[in-house]
Amino acid sequence: MSKWWVKLEIFLKDGILDPQGKAINSALHSLGFEEVEEVRMGKILRLKIEGETEEDIRDKVRKMSEIFLANPVTENFEIRVEKICE
Amino acid sequence: MSKWWVKLEIFLKDGILDPQGKAINSALHSLGFEEVEEVRMGKILRLKIEGETEEDIRDKVRKMSEIFLANPVTENFEIRVEKICE
Amino acid sequence: MRIGIVVFPGTNCDYDTFWALKLVGLDPVFLWHKDTNLINVSAVILPGGFSYGDYLRAGAIARFSPLIDKIFDFAEKGGLVLGICNGFQILLEMGLLPGAMLPNNTNTFICKQVYLKVENNDTPFLRKYSIGEILKMPIAHKEGRYYVSDSELVKLENKKQVVLRYVGPNGEIDSKFNPNGSVNNIAGVVNEKRNVMGLMPHPERAVEKLLGSDSGIRLFLSFLN
Amino acid sequence: MGIYGLKDEEINHVRRLLEREPNDVEWSVISVIWSEHCSYKHSRKYLKNFLTKAKWVEQGPGENAGVIELGNGYKLVFKVESHNHPSAVEPFQGSATGVGGIVRDILALGARPIALLDSLRFGPQDNLKNRYLFNGVVSGISFYGNCIGVPVVGGEIIFEDCYSSNPLVNVMCVGIVPPGGKIYKGRAEGKGNLILLVGARTGRDGIHGASFASEKLEEDIHSQRPSVQVGDPFMGKLLIEACLEAGSLEGVIGIQDLGAAGLVSALSESASRGGSGVVVYLDKVPQREENMTSEEILISESQERMILIVEPEKIDRIKNVFKKWDLEAEVIGEVIDEEKFIAYFKGEKVVDLPIKLLTKDSLEFDPPFKIRERIPMPILSKNEEKIEGFIKKLIEDIKIKEYIYQQYDYSVQTNTVLPPGRGDSAVLRIKDTKMAIALTIDGNGRYCFLDPKMGAMNAVSEACRNILCVGGRPLAITDGLNFGDPDEPEVFYQFREVVSGINISSRVLEIPVVSGNVSFYNGQGDNRIFPTPIIGMVGILENIDYLITPDFKEEENLIYLLGDLDWLSIEGSEYIKYSYNIIAGNPPYVNLLWEKRLKSFMEDIRKEKIILSAHDISDGGLLNSLLEMSFWGEKGIDITLPEVEDYERLLFGEGSGLIIVEISEKNKEYFVKKVEEYKLKAFLLGKVVRGNFKIKPYIDYPLKKIIERGD
Ligand SMILES: Nc1ncnc2c1ncn2[C@@H]1O[C@H](COP(=O)(O)OP(=O)(O)O)[C@@H](O)[C@H]1O
Ligand SMILES: [Mg+2]
Numbered sequence: 620m621s622k623w624w625v626k627l628e629i630f631l632k633d634g635i636l637d638p639q640g641k642a643i644n645s646a647l648h649s650l651g652f653e654e655v656e657e658v659r660m661g662k663i664l665r666l667k668i669e670g671e672t673e674e675d676i677r678d679k680v681r682k683m684s685e686i687f688l689a690n691p692v693t694e695n696f697e698i699r700v701e702k703i704c705e
Numbered sequence: 620m621s622k623w624w625v626k627l628e629i630f631l632k633d634g635i636l637d638p639q640g641k642a643i644n645s646a647l648h649s650l651g652f653e654e655v656e657e658v659r660m661g662k663i664l665r666l667k668i669e670g671e672t673e674e675d676i677r678d679k680v681r682k683m684s685e686i687f688l689a690n691p692v693t694e695n696f697e698i699r700v701e702k703i704c705e
Numbered sequence: 035m036r037i038g039i040v041v042f043p044g045t046n047c048d049y050d051t052f053w054a055l056k057l058v059g060l061d062p063v064f065l066w067h068k069d070t071n072l073i074n075v076s077a078v079i080l081p082g083g084f085s086y087g088d089y090l091r092a093g094a095i096a097r098f099s100p101l102i103d104k105i106f107d108f109a110e111k112g113g114l115v116l117g118i119c120n121g122f123q124i125l126l127e128m129g130l131l132p133g134a135m136l137p138n139n140t141n142t143f144i145c146k147q148v149y150l151k152v153e154n155n156d157t158p159f160l161r162k163y164s165i166g167e168i169l170k171m172p173i174a175h176k177e178g179r180y181y182v183s184d185s186e187l188v189k190l191e192n193k194k195q196v197v198l199r200y201v202g203p204n205g206e207i208d209s210k211f212n213p214n215g216s217v218n219n220i221a222g223v224v225n226e227k228r229n230v231m232g233l234m235p236h237p238e239r240a241v242e243k244l245l246g247s248d249s250g251i252r253l254f255l256s257f258l259n
Numbered sequence: 071m072g073i074y075g076l077k078d079e080e081i082n083h084v085r086r087l088l089e090r091e092p093n094d095v096e097w098s099v100i101s102v103i104w105s106e107h108c109s110y111k112h113s114r115k116y117l118k119n120f121l122t123k124a125k126w127v128e129q130g131p132g133e134n135a136g137v138i139e140l141g142n143g144y145k146l147v148f149k150v151e152s153h154n155h156p157s158a159v160e161p162f163q164g165s166a167t168g169v170g171g172i173v174r175d176i177l178a179l180g181a182r183p184i185a186l187l188d189s190l191r192f193g194p195q196d197n198l199k200n201r202y203l204f205n206g207v208v209s210g211i212s213f214y215g216n217c218i219g220v221p222v223v224g225g226e227i228i229f230e231d232c233y234s235s236n237p238l239v240n241v242m243c244v245g246i247v248p249p250g251g252k253i254y255k256g257r258a259e260g261k262g263n264l265i266l267l268v269g270a271r272t273g274r275d276g277i278h279g280a281s282f283a284s285e286k287l288e289e290d291i292h293s294q295r296p297s298v299q300v301g302d303p304f305m306g307k308l309l310i311e312a313c314l315e316a317g318s319l320e321g322v323i324g325i326q327d328l329g330a331a332g333l334v335s336a337l338s339e340s341a342s343r344g345g346s347g348v349v350v351y352l353d354k355v356p357q358r359e360e361n362m363t364s365e366e367i368l369i370s371e372s373q374e375r376m377i378l379i380v381e382p383e384k385i386d387r388i389k390n391v392f393k394k395w396d397l398e399a400e401v402i403g404e405v406i407d408e409e410k411f412i413a414y415f416k417g418e419k420v421v422d423l424p425i426k427l428l429t430k431d432s433l434e435f436d437p438p439f440k441i442r443e444r445i446p447m448p449i450l451s452k453n454e455e456k457i458e459g460f461i462k463k464l465i466e467d468i469k470i471k472e473y474i475y476q477q478y479d480y481s482v483q484t485n486t487v488l489p490p491g492r493g494d495s496a497v498l499r500i501k502d503t504k505m506a507i508a509l510t511i512d513g514n515g516r517y518c519f520l521d522p523k524m525g526a527m528n529a530v531s532e533a534c535r536n537i538l539c540v541g542g543r544p545l546a547i548t549d550g551l552n553f554g555d556p557d558e559p560e561v562f563y564q565f566r567e568v569v570s571g572i573n574i575s576s577r578v579l580e581i582p583v584v585s586g587n588v589s590f591y592n593g594q595g596d597n598r599i600f601p602t603p604i605i606g607m608v609g610i611l612e613n614i615d616y617l618i619t620p621d622f623k624e625e626e627n628l629i630y631l632l633g634d635l636d637w638l639s640i641e642g643s644e645y646i647k648y649s650y651n652i653i654a655g656n657p658p659y660v661n662l663l664w665e666k667r668l669k670s671f672m673e674d675i676r677k678e679k680i681i682l683s684a685h686d687i688s689d690g691g692l693l694n695s696l697l698e699m700s701f702w703g704e705k706g707i708d709i710t711l712p713e714v715e716d717y718e719r720l721l722f723g724e725g726s727g728l729i730i731v732e733i734s735e736k737n738k739e740y741f742v743k744k745v746e747e748y749k750l751k752a753f754l755l756g757k758v759v760r761g762n763f764k765i766k767p768y769i770d771y772p773l774k775k776i777i778e779r780g781d
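If you're matching them up, the sequences are chains V, P, F and D in order.
Per the numbering used here, the very first residue in the first sequence carries number 620; after that it's consecutive.
Per the numbering used here, the very first residue in the second sequence carries number 620; after that it's consecutive.
Per the numbering used here, the very first residue in the third sequence carries number 35; after that it's consecutive.
Per the numbering used here, the very first residue in the fourth sequence carries number 71; after that it's consecutive.
Keep in mind that the hints are not guaranteed to be accurate.
What the hints assert, rightly or not - Quick list of in silico lysine-lysine cross-link-like pairs, DSS-like style, CA-CA up to 30 angstroms:
1) K243/F with K462/D
2) K641/V with K463/D
3) K416/D with K426/D
4) K626/V with K622/P
5) K682/V with K622/P
6) K170/F with K679/D
7) K774/D with K462/D
None of these hints come from the bench; they were simulated from the model.
Just so you know, these numbers come straight off a predicted model, no measurement behind them.
If we strip away everything but chain V, and leave its shape as in the complex, we get (with noise of 0.2 angstroms):
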């Protein structure tokens, strides 16, 4: 068994308004950051976790994502797997 990082990344669908992100989006503005254009505010898991391959690992986080940690009516996800330790 080898030891990996993974990074699960989660963002409301595209279409769904996302109110944090349109704030921090006016707020930059106001602090002069007129090049951006649009902010999505996401939440981010950082998971240690156990497993064989990355296979198996993106198969346990995905699955883990689908029942769990994201919710499939509005919100996307995606799993990186970061680096392997030990």
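Fit chains P, F and D with the ligands to the supplied structure of chain V, relying on the hints for placement.
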């Protein structure tokens, strides 16, 4: 000028208590995902932004993070410039 | 009529709901989330609060409590299940009600009195109200923006599953009376069988004039046959 | 500064007392517990003067919170605490942990927390940093308070330049113990009783937080990261339920929260109160991080932890309660007879210090003081335009308060009869009784800056009037004292004067001080804050029927001013600050004998229910009070004031001892007689009307604009 997608990950510094991550970790365990050892929860921002070079973009986002998007006292951030469009 | 009030770690409207049920003459009992049976209650209420701190998403973790399976079966068999605020969020996460909750479009927690219009009373919970009646109740939530996809929304409206809507004091349906950005000003919905209802406002905080409103009394009285 | 911020004389004092050189861990322990924050070394001597006793006071200062009897067997537990420094560094977590901290003080007495009030001070909001601090603090309080289900029912908010780098966040918590319920003390006593540490694991959070709160904020706040603690309100809520459940069982001897200076402070204080000692085994402390040192475990300020002193025979039963709530509970040591603090780590004795050295033996400081020159009032140029602008500002203020309290769940627990933004005090009924309590929190830094003693007297008397205005009888005070660096002679002068002002008012009005908090080092030199005492006060409505609300009730009713228009003064007022940018002159003069008669009068007349609405005069003057009463009641007024040159004084001047009341025509004679009986005076201002908001001959403002808040 080109357009870029930037992802900004913001996590609590290691060692700082992350109650959400902890609660998610123990929920995963009770769901049978025993192989998860640690969970940290962070924020992620996806910004659409205009700029010349990747370096340019990075500098700008770093500046935004330092003065506004992240709290340097408690948080670390990481910038990924994802792709160019247009 | 014994009514079960489910207590999760982090629930904080359990006592308030208990008090309200007593006040209107019902017989409430607490059910602990780790229990494995419903001790013959006639109805179940999932009260408000912050089960598991609302960490990750409101209601997301509570849904895996041992008692939840029993509540699921109970509802499937036609038992009455009412979710208030966090309870509503849990029912959505369980899939007993359609849709999902998002953070308020104000980006803040909101606590205030709101007006609600009874859109449909064809559910045991609202049979003591007439259609079009205006109720006054407090809301207190951070994730109360009800969301369903456009196609689901059409279905929901057609089947008259939308039972309560945020309105103005005179029943005006207008986005300016929508406190949190819910689609179609929706404040409460029922399932197709109409035995499961969820609402974001707090009827248990609206059973005494002294505290500002007694609009919620009849909702609880509806548990009496 | 010597070892960990101890002064040389303190270091020598330790060596003298101990007759040996403490080891490194011991130095560390001594220095955190001798910090200002824990030892009150600059303030102890002065706080001793307070009136702390009354028939209804069960517990004055000295425990985790004060306790008063309400009647019918109910007891009220309350205290205010500041979290200024943490909030300046990390506003969200700073204020959230502030809420958690004060809640656990109340919990330590075995009381269920039923209400929170927040007193906030920030710099002007035209500045990004100040807006960030403001929004962070409000959302931190909202985050923690809402999650644990304790309503935030009142508070106050003031913006002023002096708070730009040093915001003030004072939170008051109120708890209740029902008849038959036990009041616990933070006491470790009874040889062999076990020390049970419950709740969160111990990490490296807030190492040296207590010392941090006792220093000036450094410019480079990044280096102060270790002092930042993160709150876990979910665990806070579990702790409330589990501790109350455990406290209802037999076998718990004492309860103590872990606050500043962590285990060291909690254990030595409870041992001191119990006249015992403690021995702890630090390896048994559940740890969140690896390789923690004994020093770190001892002084960590990780949140959401409590200590219970438990009889050994009952330990399993008590532990099971915590297990039920998914909380860790570990026996980490026991009570011993010898009055010592002993700690072992990895088999080695790392601390062996007398309890007395840690608690009572710290040096007291009485630094020199220097009287501050008063700021004379300049002559103002009249400016008509300013009036309209000021009215708009007053309406704007109502909106800012609403923006704040709407983020707080003020209706949970279903007791809130008078919610925030609706009256001078919040009113909560007590279920199963006819009783209700009134809660308020007030302070005026601007007044105290101009005259610290008179300013403090204003704060106490205003809090008192706030209770009276809702039909309550004031019972007791908790005070939050916020100041700059006590080693600056002018600051120490302010401190002494403020304490004396609180003291004299509290004695004359017979409202004892039962708990409080002192926060020094809020800025320095030109950057220091105004001396800002915050007065939290609780009162009782023996019968909820005595409730008076401030909204005008009915057209044709009469509006009286209790007091005299001559007392209104524009010096030091909100108006001259806003309109002329001047902070000068004297604050309102407080006639305590008048206030006392006013108190007796209101306490008496509320029982006859002829006062239909009441509101005192404070910031913004007569006009502001009338405006609020109109706004809340959605009624106009028709009032006539004398035609004078200095009408700004009449409209916007501030004064102490003034209450506006509404009575019906038919009670007029009775009211006037009663006023005379109490040797008070009242001035008939005018009437409640259907039409405009009219103050002749100066103002005629559309009611609609007020009700719609200028939208
Ligand atoms: N920070 C706050 N949190 C909660 N309530 C607040 C806050 N600021 C003001 N309020 C509420 O708004 C009302 C008016 O506040 P304030 O003007 O400070 O009262 P007063 O003039 O009587 O001192 C009160 O009910 C008070 O509790
Ligand atoms: Mg007042």
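To see whether the hints hold, each was checked on the structure:
1. K243/F with K462/D: The given pair, whose Cα atoms are some 33 angstroms apart, is violated under the 30 angstroms limit.
2. K641/V with K463/D: 29 angstroms, holds
3. K416/D with K426/D: Holds. K416/D to K426/D sits at ~26 angstroms (cutoff 30 angstroms).
4. K626/V with K622/P: 25 angstroms, holds
5. K682/V with K622/P: Violated, at about 34 angstroms.
6. K170/F with K679/D: 28 angstroms, holds
7. K774/D with K462/D: Between K774/D and K462/D the Cα gap is close to 13 angstroms, so the pair holds against 30 angstroms.
Consistency note: the structure conflicts with the earlier hints numbered 1, 5.
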